[in-house]
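**Student:** Take a look at the letters that make up each chain.
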Amino acid sequence: MLSIKDLAVDFQTRKGVVHAVRNVNLHVDKGETLGIVGESGSGKSVTSYALMRILDAGGTITAGDIVYSGVDLRNSSARDMRNIRGREISMIFQNPRAALNPIRKVGHQLEDVLKTHAQATRYDARAKAISMLKSVQIRNAEERYHAYPFELSGGMCQRVVIAIALACNPQLLIADEPTTGLDITTQKTVMDLIQSLSKERQMSSILITHDLGLAAQYCDRIVVMKDGELVETGKPKTLFNNAQHAYTRKLIAATPRKEASIRDLLPAEEQQPLPERSQSGETLLKVNNLVKTYAGKNGPVHAVKGISFDLKQGKSLALVGESGCGKSTTSSMITRLLDCSSGEIIFNGQDIGKIKLREFAQHNMRKDIQMVFQDATDSLNPRHSAFQSILEPIKHLTDLGSTARQERVYELADLVGLPHSLLTRFPHQLSGGQKARVGIARAIAVNPQLLILDEPTAALDVSIQAIVLNLLADLRAKLGMTYLFVSHDLHVVRLLCDDVIVMKDGEIVEMGPVEKIMEHPKSKYTQSLLDAAPSLSKIVE
Amino acid sequence: MSGRFKTISLRIAQAIPVLFGVVVVSFILTRALPGDPAVYFAGASATEESIAQVREVLGLDKSLPQQFIIYVGDLLRGDLGQSISTGQAVTDDLARRLPASLELTLMALFISCSIAVPLGVMAATKPGSLRDHMCRVIVTAGVSLPTFFTGILLIYVFYYLLGIAPSPLGRLDFIYIEPDTITGFYLIDAAITGDWETWFGALKQLVLPATTLALFTMAPIARMTRAAMLSALSSDFVRTARAAGLSSSKILYGYALHNAMLPVITTLGMVFSFTLGANVLVEKVFAWPGIGSYAIEALVASDYAAVQGFVLAMAILFVLLNLCIDIAYSLIDPRIGFEER
Amino acid sequence: MSMASTNKSDSLIAHIFYVLRGNPITALAFILLASFITCALFGPLIVPYDPLASNTSNALMPPSVDHWFGTDNLGRDVFSRVIVATRLDLLISVSAVALSFVIGSILGSVAGYWGGWLDAILNRLLDTIMAFPLFVLAMGIVAALGNTIENIVYATALINIPFYARLVRAEVNIRRDAGFALAAKLSGNSDLRVLAVHIFPNALPPMMVQISLNLGWAILNAAGLSFIGLGVRPPTPEWGIMVAEGANFVISGEWWLALFPGLWLMLAVFTFNLLGDGLRDIVDPRKRT
Chain A
1 MLSIKDLAVD
11 FQTRKGVVHA
21 VRNVNLHVDK
31 GETLGIVGES
41 GSGKSVTSYA
51 LMRILDAGGT
61 ITAGDIVYSG
71 VDLRNSSARD
81 MRNIRGREIS
91 MIFQNPRAAL
101 NPIRKVGHQL
111 EDVLKTHAQA
121 TRYDARAKAI
131 SMLKSVQIRN
141 AEERYHAYPF
151 ELSGGMCQRV
161 VIAIALACNP
171 QLLIADEPTT
181 GLDITTQKTV
191 MDLIQSLSKE
201 RQMSSILITH
211 DLGLAAQYCD
221 RIVVMKDGEL
231 VETGKPKTLF
241 NNAQHAYTRK
251 LIAATPRKEA
261 SIRDLLPAEE
271 QQPLPERSQS
281 GETLLKVNNL
291 VKTYAGKNGP
301 VHAVKGISFD
311 LKQGKSLALV
321 GESGCGKSTT
331 SSMITRLLDC
341 SSGEIIFNGQ
351 DIGKIKLREF
361 AQHNMRKDIQ
371 MVFQDATDSL
381 NPRHSAFQSI
391 LEPIKHLTDL
401 GSTARQERVY
411 ELADLVGLPH
421 SLLTRFPHQL
431 SGGQKARVGI
441 ARAIAVNPQL
451 LILDEPTAAL
461 DVSIQAIVLN
471 LLADLRAKLG
481 MTYLFVSHDL
491 HVVRLLCDDV
501 IVMKDGEIVE
511 MGPVEKIMEH
521 PKSKYTQSLL
531 DAAPSLSKIV
541 E
Chain W
542 MSGRFKTISL
552 RIAQAIPVLF
562 GVVVVSFILT
572 RALPGDPAVY
582 FAGASATEES
592 IAQVREVLGL
602 DKSLPQQFII
612 YVGDLLRGDL
622 GQSISTGQAV
632 TDDLARRLPA
642 SLELTLMALF
652 ISCSIAVPLG
662 VMAATKPGSL
672 RDHMCRVIVT
682 AGVSLPTFFT
692 GILLIYVFYY
702 LLGIAPSPLG
712 RLDFIYIEPD
722 TITGFYLIDA
732 AITGDWETWF
742 GALKQLVLPA
752 TTLALFTMAP
762 IARMTRAAML
772 SALSSDFVRT
782 ARAAGLSSSK
792 ILYGYALHNA
802 MLPVITTLGM
812 VFSFTLGANV
822 LVEKVFAWPG
832 IGSYAIEALV
842 ASDYAAVQGF
852 VLAMAILFVL
862 LNLCIDIAYS
872 LIDPRIGFEE
882 R
Chain U
883 MSMASTNKSD
893 SLIAHIFYVL
903 RGNPITALAF
913 ILLASFITCA
923 LFGPLIVPYD
933 PLASNTSNAL
943 MPPSVDHWFG
953 TDNLGRDVFS
963 RVIVATRLDL
973 LISVSAVALS
983 FVIGSILGSV
993 AGYWGGWLDA
1003 ILNRLLDTIM
1013 AFPLFVLAMG
1023 IVAALGNTIE
1033 NIVYATALIN
1043 IPFYARLVRA
1053 EVNIRRDAGF
1063 ALAAKLSGNS
1073 DLRVLAVHIF
1083 PNALPPMMVQ
1093 ISLNLGWAIL
1103 NAAGLSFIGL
1113 GVRPPTPEWG
1123 IMVAEGANFV
1133 ISGEWWLALF
1143 PGLWLMLAVF
1153 TFNLLGDGLR
1163 DIVDPRKRT
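Protein chains in written order, with our numbering: chain A, 1 to 541; chain W, 542 to 882; chain U, 883 to 1171.
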């Protein structure tokens, strides 16, 4: 139905021409779901933009043929392309809220598409729009017709985007990272919806994703892309069990799954046994009935509703939950970046919750609690070099002289595997993985006892995530640190942590050893989290 | 809808402290006069007695808070004092001259919006092109022109050299008869009374000063339109619309421009500020009988009551204009009233 | 450490050159700026005539080889007056903008970082200033405080403060909870240090744009005030006054009296405006790779 031959796309940038996509050959058959999988910069989105001919300014198709049902898409007129878009081939994007016109009612946006492709007239457009909204399982469709995007949740917005995409009964649906940024349970409902609608309409679809598990679960066939080129293609089962290409194998290995240990994520030749951890068994951190209440516009917002737990020295504890569950608020309070409303944070026998925020910055306990931030880019001062960023805590929290400080920075760079030549670079000159290393080096610079990890790998590609997780495991053993790991992903948490706390709406749903909870969750909520997470283990034998 | 109504009432309520601030500032300005304000307010030909009388009338012998209360009381009664140069109440003078200024300002804004918005859209559809660079240079040159200089230049070219513009002396050449005062706007009054000859005469007088002002205000509008269009055109929702096959005109005008108008409307407030300020200069150059030239005459005659009255009147006018802009904004943007900041 | 800074300035210079190459207009603006600065510094030394020396036998001469811009009604050389005036006009605008930059930055930083009632009070104050059409407020202030150059500077500074305060407030506010600011706190920096050393420098690039645009605007403002008889007084050479005086002769055809100072004034403002636009491209992170 769709075939792409020898596609090449170039982008004109200030550093010259970038070959974003080269020699890509792929085809989609009728009724088939094709997955395009790859890490950032692999050219997977560019391929789909090229076939829709909606490349950003500066991008051009330099070679290849794109044929859809006998029509040459590369050389079609702009008018023909407009007729094909939305009517024959539709597309949905990530970040659904931004994908909708913020100041137009969603119903009207649906009508725009219906009218454009002559699927509806002035008289029946509204009825058709409402029935489309119903078909993507939006309740109260008549009411939602009048809603603006900002009045809907992210999952709801994605349903509207799907309704717009499917309004004119296209034969091919391209979904570009449709669930990135959505919570894991929402992800599952959205993906299930796309799947059932495609089946029902006998539509072909292309799912573009970085998540191997997601592709394995929903696709009939998968192609793997790397650096603008196609690496391998095959049915999920064959591909994941018998990958031919080294890159595919590396990618599969790096994806967290049930049976794998943290070292299994790395390529076999880089695996070394995990160093021994020393654990004194003393309680390092004791949280008692911790509460955080904000003053909101419509009354108080209870972000954290009184949680208690212990963390023993040398252990690693995970806080897991979906967005808004209070896990980040809790970690901010423990890091003393945020005051608690009530409750105790007893660290090494002292209630640090009682120390004023302003004083804690210069308190001698400041160096004992440090944090690795979620977004490495955001957490590095754009005007500071890597060296300066790592030096910062050493300068303020230790008594080292200037040469000793410099030596310490080099030592830390070695510890986190950052080449010394990169230390003079600024954040925008570093890759995601390198920035993550700088962030970790800075956090461990003053030998903290407790290190809080706030989704440290959420913004990273899986292969980099594997390396960073292993680095964190090594450092923990080497430096005898205790971790508090905040994450939304139980599969990642399992690799690094001993115990887990599952949170929902500011409360603890359940807590216990991580293996036990993942094998036999007591609460329905934990069970639903586990079910919703796409996993390779169902396919890999 | 009720949320929106609430926002609008809230916005009106918010204007009150600002108005109060304006009154305080203008009060401070009246009292900040170097030397004895009574001497200034009494005027150049004042005698000992008239100064003493002014002092008493202004309440300058009382304490500052008391003086402020008297000042506010006078304002509430619409009393801005007497103008020395015209011998009339400042309020009456301003009221009589205000329509002339407003007619000029609004005409200028109309001209500048109707040129600048299409210009900005044009530049944004082809960023980095020759067209874009030309737009930028023209528009930047416009805002760099001192309005008083542009006015003189236009007079020199169109009146002195080419002789196609009427003499730059006021709102209407002496050969026409002033239309009956209904709204005070000559164009409207002449149109209502059906006196098209006068209407045309008034328009002829208006063209040069309005163009002068418009040239100056085009830049911020065009620049903001371009920037807002660029960001709207590169936004995700435009990409969705393109992927759904909507026509380019629907995408450009229905989606991108509609969204881009929001920041442009916000800029209008700033543009009004510029226009009202530049108005003063343009009125002087074209001998336009508005409140700006009134203020300059008053300045020359050290007629401080008139100057302060002018400053206050301008500020109140501006606050009201801003209020209108905000209300217009909240009518266009559905998000207003839900995520107030 | 020095290595780090050279590395950065290298890449910055490379970046500036990259932007200038694609933007010859900005390059032109830089050249114009340099010549204006030269005029301001050395103006009195390089002009051919004394800007104040009148010579009635030589009055109202059109531009010629001897008098490039002609002579005025008192026979003074317009070219010399225009060049010498550069220093005064630039001085007024630079000091006014510097004043408002410093005050606006402090107010905006404090309000943006700590928020709360400080922020509320500042916002009300700025609202009040902004409630006046700014030129009109400047008129009112100079009329009330007295007709001196210092008062022009104060008035111009005051009406510019809201721009800086609002800009800094917004820039500081979005970075207040940025990862790097939190990380700086974890590194043992006090709030004041986080604000002054980590957050504020990151707000500087957009400020540069504002400064450039404001310089042009401040010149216009000062000239406008002089034009209506506030501030600088004759016979001091100043562009606004020269245009005002020349205006009386335009109707009788002596165009050069108003044209040249007006053009010069316009060119100066134009330079700063182009520069502001160009700087916007240079500092726009979306244009950096």
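Keep in mind that the hints are not guaranteed to be accurate.
[Claimed, not checked] Derived EDC-like pairs: lysine to aspartate or glutamate, alpha-carbon spacing no greater than 16 Å straight-line:
1) A:K356 with U:D1073
2) W:K667 with A:D56
3) A:K258 with A:E515
No wet-lab data here; the hints were simulated from the structure.
**Student:** Look at each hint and say if it fits the structure.
**Tutor:** Hints, one by one, checked against the model:
1. As the CA atoms of K356 (chain A) and D1073 (chain U) are separated by approximately 12 Å, the hinted pair is consistent with the 16 Å bound.
2. Distance restraint check for K667 (chain W) and D56 (chain A): the Cα-Cα separation of roughly 13 Å lies within the 16 Å cut-off, and the hinted pair is therefore satisfied.
3. For the hint pairing K258 (chain A) with E515 (chain A), the CA-to-CA distance comes to about 10 Å; that is within 16 Å, so the pair holds.
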